[in-house]
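S.K.: Each chain, written out:
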Amino acid sequence: MREVYLDNAATTPLLPEVREAMIPYLGDVFGNPSSLHDWGDGSREAMETARDQVAQLIGADSDEIIFTGSGTESNNFAVKGLALAQQSKGKHVVVSAIEHFSVLHSAKTLGKWGFEVDEVPVDKYGVVDPEEVRKRLRKDTVLVSIMHANGEVGTIEPIKEIAGITSKLKVPFHTDAVAKAGTIPVDVRELGVDALSLAGNQFYGPKGVGALWLRKGVRIMPLLDGGIQEGGRRAGTENVPAIVGLGKAAELAKTDMESRVKRLTPLRDRLLKELPRKVGHVVVTGHPQNRLPGHASFCVEFIEGEAMLMLLNSKGIAVSSGSACTSRALKASHVLIAMGLPHELAQGSILLTLGIGNTPEDVDYVLEVMPPIVDRLRQMSPLYAKFTKTVKGGK
Amino acid sequence: MREVYLDNAATTPLLPEVREAMIPYLGDVFGNPSSLHDWGDGSREAMETARDQVAQLIGADSDEIIFTGSGTESNNFAVKGLALAQQSKGKHVVVSAIEHFSVLHSAKTLGKWGFEVDEVPVDKYGVVDPEEVRKRLRKDTVLVSIMHANGEVGTIEPIKEIAGITSKLKVPFHTDAVAKAGTIPVDVRELGVDALSLAGNQFYGPKGVGALWLRKGVRIMPLLDGGIQEGGRRAGTENVPAIVGLGKAAELAKTDMESRVKRLTPLRDRLLKELPRKVGHVVVTGHPQNRLPGHASFCVEFIEGEAMLMLLNSKGIAVSSGSACTSRALKASHVLIAMGLPHELAQGSILLTLGIGNTPEDVDYVLEVMPPIVDRLRQMSPLYAKFTKTVKGGK
Amino acid sequence: MPIYSEKVMDHFMNPRNVGEIENPDGIGEEGNPVCGDMMTFYIKVKDNRLEDVKFKTFGCGAAIAVSSMVSEMAKGKTLEEAKKITPRLVADELEGLPKNKFHCSNLGAQALNKAIDDYLKKQQKEGGKQS
Amino acid sequence: MPIYSEKVMDHFMNPRNVGEIENPDGIGEEGNPVCGDMMTFYIKVKDNRLEDVKFKTFGCGAAIAVSSMVSEMAKGKTLEEAKKITPRLVADELEGLPKNKFHCSNLGAQALNKAIDDYLKKQQKEGGKQS
Ligand SMILES: Cc1ncc(COP(=O)(O)O)c(C=O)c1O
Ligand SMILES: Cc1ncc(COP(=O)(O)O)c(C=O)c1O
Chain A
1 MREVYLDNAA TTPLLPEVRE AMIPYLGDVF GNPSSLHDWG DGSREAMETA
51 RDQVAQLIGA DSDEIIFTGS GTESNNFAVK GLALAQQSKG KHVVVSAIEH
101 FSVLHSAKTL GKWGFEVDEV PVDKYGVVDP EEVRKRLRKD TVLVSIMHAN
151 GEVGTIEPIK EIAGITSKLK VPFHTDAVAK AGTIPVDVRE LGVDALSLAG
201 NQFYGPKGVG ALWLRKGVRI MPLLDGGIQE GGRRAGTENV PAIVGLGKAA
251 ELAKTDMESR VKRLTPLRDR LLKELPRKVG HVVVTGHPQN RLPGHASFCV
301 EFIEGEAMLM LLNSKGIAVS SGSACTSRAL KASHVLIAMG LPHELAQGSI
351 LLTLGIGNTP EDVDYVLEVM PPIVDRLRQM SPLYAKFTKT VKGGK
Chain B
1 MREVYLDNAA TTPLLPEVRE AMIPYLGDVF GNPSSLHDWG DGSREAMETA
51 RDQVAQLIGA DSDEIIFTGS GTESNNFAVK GLALAQQSKG KHVVVSAIEH
101 FSVLHSAKTL GKWGFEVDEV PVDKYGVVDP EEVRKRLRKD TVLVSIMHAN
151 GEVGTIEPIK EIAGITSKLK VPFHTDAVAK AGTIPVDVRE LGVDALSLAG
201 NQFYGPKGVG ALWLRKGVRI MPLLDGGIQE GGRRAGTENV PAIVGLGKAA
251 ELAKTDMESR VKRLTPLRDR LLKELPRKVG HVVVTGHPQN RLPGHASFCV
301 EFIEGEAMLM LLNSKGIAVS SGSACTSRAL KASHVLIAMG LPHELAQGSI
351 LLTLGIGNTP EDVDYVLEVM PPIVDRLRQM SPLYAKFTKT VKGGK
Chain C
1 MPIYSEKVMD HFMNPRNVGE IENPDGIGEE GNPVCGDMMT FYIKVKDNRL
51 EDVKFKTFGC GAAIAVSSMV SEMAKGKTLE EAKKITPRLV ADELEGLPKN
101 KFHCSNLGAQ ALNKAIDDYL KKQQKEGGKQ S
Chain D
1 MPIYSEKVMD HFMNPRNVGE IENPDGIGEE GNPVCGDMMT FYIKVKDNRL
51 EDVKFKTFGC GAAIAVSSMV SEMAKGKTLE EAKKITPRLV ADELEGLPKN
101 KFHCSNLGAQ ALNKAIDDYL KKQQKEGGKQ S
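Protein chains in written order, with my numbering: chain A, 1 to 395; chain B, 1 to 395; chain C, 1 to 131; chain D, 1 to 131.
Rather than coming from a laboratory, the hints here were simulated on the basis of the structure. Certain hints may be false.
As the list claims (entries may be wrong) - Straight-line distance between alpha carbons at most 27 Å, and here's what the computed DSSO-like set of lysine-lysine pairs gives:
| # | chain 1 | residue 1 | chain 2 | residue 2 |
| --- | --- | --- | --- | --- |
| 1 | A | K331 | C | K7 |
| 2 | D | K99 | D | K114 |
| 3 | C | K7 | A | K389 |
| 4 | B | K91 | A | K216 |
| 5 | B | K389 | A | K89 |
| 6 | B | K331 | A | K112 |
| 7 | B | K278 | A | K112 |
| 8 | B | K278 | B | K389 |
| 9 | B | K89 | B | K273 |
| 10 | A | K112 | B | K386 |
| 11 | A | K112 | B | K389 |
| 12 | A | K91 | B | K112 |
| 13 | A | K108 | B | K331 |
| 14 | A | K91 | A | K168 |
| 15 | A | K139 | B | K170 |
| 16 | B | K331 | D | K122 |
| 17 | B | K386 | D | K122 |
Here the structure is a predicted model, which means the values were calculated and not measured.
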């Protein structure tokens, strides 16, 4: 059976070049980077090369890069660490309604610690209006955290515009670029933000590693206390092979970014255009143009996402869904709801995220397989029965 | 030149079997364990196997194991998470004076959050007296955290005795077993503790992965907020290859533990006995018998640790030191000072930690190389000059 | 490690008794698309037995498998027996369900129950003409 | 990436001018073993020049390399020139020192300075008997 992985938003496969770069650090070069002997030197050197590579990907200085264990850790570190470091100035924090849970729940934790958290709404495409951010800024605002691109609907946010507002008021601005860094160009100086999260497994690098870029001079409170690794800002023996892999993935992402975007965009656009046409009663979620290059997301009416996912899986296609049933917490996607989609429609959420391994034939295959699957589920659906009876007058 | 790695306390090399177990998860099996399709299934399955392996190493149930990114993270999670989850009951925490910084500095952070932290002293061997713990327990004590074995002086603590006290008073007891789990037998039920930290890179597993064992029913507040990975207690895409490696390393540690201990102990004992004899003016640090099997630590009088370390390195030998100069923070080891060693002597700290790759010939080599190195540094040392002049009456 | 047992997968991939019954003796609807799952059961009763059971389900894999299993378990049973089909029994027949999916099996049994009640209510109204 | 430059390593591995001078013209001691580093400099002065410089050092690799470098830089210089040896200059000559090791190079220059001061003080006392 054909195997088509269309869940690159969940995690990307590791590039062979990245794996090769990592292998020595699973072997002979095993020293602790903090050790002062040759064994430590080898690991430290590799780590610092990786730091340069990551810095170059986002136009930063190497000593502004702090390695972490995941995008989630970067976000927790940024949101909690920046707010706590500034709390003498105030306890007000602004986030968007569609942040990843690692930001939203970190903000919630800040709430338990006496912070006040304001949520900025989004429009129907999931776009944050910079004016809505400005309206919420106060004298005691110590942090704004708005994501760079949403992993669920692919929408890219106007970060530069928001940074223009926050920087004038000198409010630290963190952006979660986990879904975006390594995929499309990110330049921290040009953006004008103060902190930015990224993660290796979003651009063909390893799992278990992320980074927080922190503008020089911005104060942060560590999330992981202990030794003085990462300049005392993130303790713990460093995950050298994963860091090396992140560096290599960053290097390749920078070199190949343009060609990757060029390959992915037409595939995505075909999905966005053809799937609704072939299936019918399908809504594209997220911004129609201003979205991540490989990202196609939909809500299919009258049926539920997990069932679609499973039938696609039985045909060798991997996708994900933001339906309540797939969330384990059994709640409809907060992103889709914040965009104003009715709960019922949000249940039909389905996400097809292309990666550099995908081909036009993969798209053909999906477009061939998807309609009968939807049809089959609709034939089972009491909602579809009602719809055909009332609207079409039966079939 | 002969290469002799004697810094296994800093990190151990990865066993080839562990690396082999990991490789597939750096290749074809790359799915996100949270994904519901086949790609996710493969990763999830591997992770759950690893969870069983880790559980078996310490006599726990699989669903009590929470994977983390390091020993440091496990300790931060335990100390902050347990204290914060119990803070309605009180804000008093007890730790020992020789905890790893990941525990001590976490406790310090709790201090900033209004907790009161009591430090239990140790004797000259670095042993905590359970009675000293008992004396410090109060109605509002919500956490005791005492390490299982100290990584710097190798001393093993009377955890079972301390747990006997805390459990009677129903005070949650966490033990940092990072330096010990996987090295000598640990059984959480027999110990009677409530939480235990361990890390892969201490027993021939990968860097970037640790675990917290948490007794069923014990409440904890997450350190990493976000998705519902690890039962909602530790968010973030899991580091599947590292987790698989940790599992494999745990399995091998369990199988081979006895034979490893049998091999390492005599090598250690030879170092402990011969080095002071060959070098002169050398003090063994830590407990003479009740210490980790591969762990030999000393203070060499009149000279400084980093210089020794570097000269040993030039002879192909990797060691570490707890001297102020090696600490980057330039502070004498808090462990040695807590044991009552004068600062001057603590500067001569040197740690030789054996691993399963070491041979009797390695020990021979160290015993041959070490005396001239010490001699050379002493010839340079004004302290040694003073000593020879005053005590020996010149030379 | 798939999240669903083989039995669940079988009933999801090949659901038994999908559809509607024309002029059913009873209809039961349970759940709500807003929450993610909705099931409609149709029954045909003869001699106090469930001669035919059909369903339509909007929902996840578990919801569809549970509906199929409930329909299979119910078919041929007397009304009293069918009313004894509990969520626990359904989950057991399916060789287990993930913890967070357990609520689906509640819905299945409840929808069937509602269909039986619907039939019984109609019977009462009609004064027990049939059966 | 070793933490020390090649120059530091060279001076650490092969330190110049280690030892004591018998009947030195000046002695300077700086630092404290409690803090981790201690240096003693011995000087021999002739015609206002440092004819010989020797040292003993208790401390880390950097401390030893700094001592060696200071001794080399000082030797042959006039007292006034030698007093101008700053920690910055020593670090530069060593092709850099790790940030947290910079204090060692302070000690080296200070110990030399103290030795010179010691010499000058003695000179004053003796009323300038020797040159
Ligand atoms: C926008 C965004 N932020 C953060 C994360 C969290 O990343 P991780 O689960 O790898 O820690 C994700 C994951 O997909 C994401 O899409
Ligand atoms: C006793 C103990 N606890 C915690 C740690 C921290 O482990 P890591 O630096 O791998 O996070 C160590 C490290 O050696 C240790 O010895």
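S.K.: It remains to establish, for every hint, whether it holds in the given structure.
M.R.: Evaluated hints:
1. A/K331 <-> C/K7: 26 Å, holds
2. D/K99 <-> D/K114: 24 Å, holds
3. C/K7 <-> A/K389: 33 Å, violated
4. B/K91 <-> A/K216: Violated, at roughly 35 Å.
5. B/K389 <-> A/K89: 60 Å, violated
6. B/K331 <-> A/K112: With Cα atoms ~36 Å apart, B/K331 and A/K112 exceed 27 Å; violated.
7. B/K278 <-> A/K112: 60 Å, violated
8. B/K278 <-> B/K389: Given that 27 Å is the threshold and the Cα spacing comes to 22 Å, the pair holds.
9. B/K89 <-> B/K273: At roughly 49 Å apart (the allowed maximum being 27 Å), B/K273 and B/K89 break the hint.
10. A/K112 <-> B/K386: Cα-Cα ~60 Å, so violated.
11. A/K112 <-> B/K389: With Cα atoms ~65 Å apart, A/K112 and B/K389 exceed 27 Å; violated.
12. A/K91 <-> B/K112: With Cα atoms ~16 Å apart, A/K91 and B/K112 stay inside 27 Å; holds.
13. A/K108 <-> B/K331: Between A/K108 and B/K331 the Cα gap is close to 38 Å, so the pair fails against 27 Å, i.e. violated.
14. A/K91 <-> A/K168: 19 Å, holds
15. A/K139 <-> B/K170: At roughly 45 Å apart (the allowed maximum being 27 Å), B/K170 and A/K139 break the hint.
16. B/K331 <-> D/K122: Status violated; Cα separation ~37 Å.
17. B/K386 <-> D/K122: With a Cα-Cα distance of about 23 Å, the restraint between B/K386 and D/K122 holds, given a limit of 27 Å.
This entry does not satisfy hints 3, 4, 5, 6, 7, 9, 10, 11, 13, 15 and 16, going by the numbered hints stated previously.
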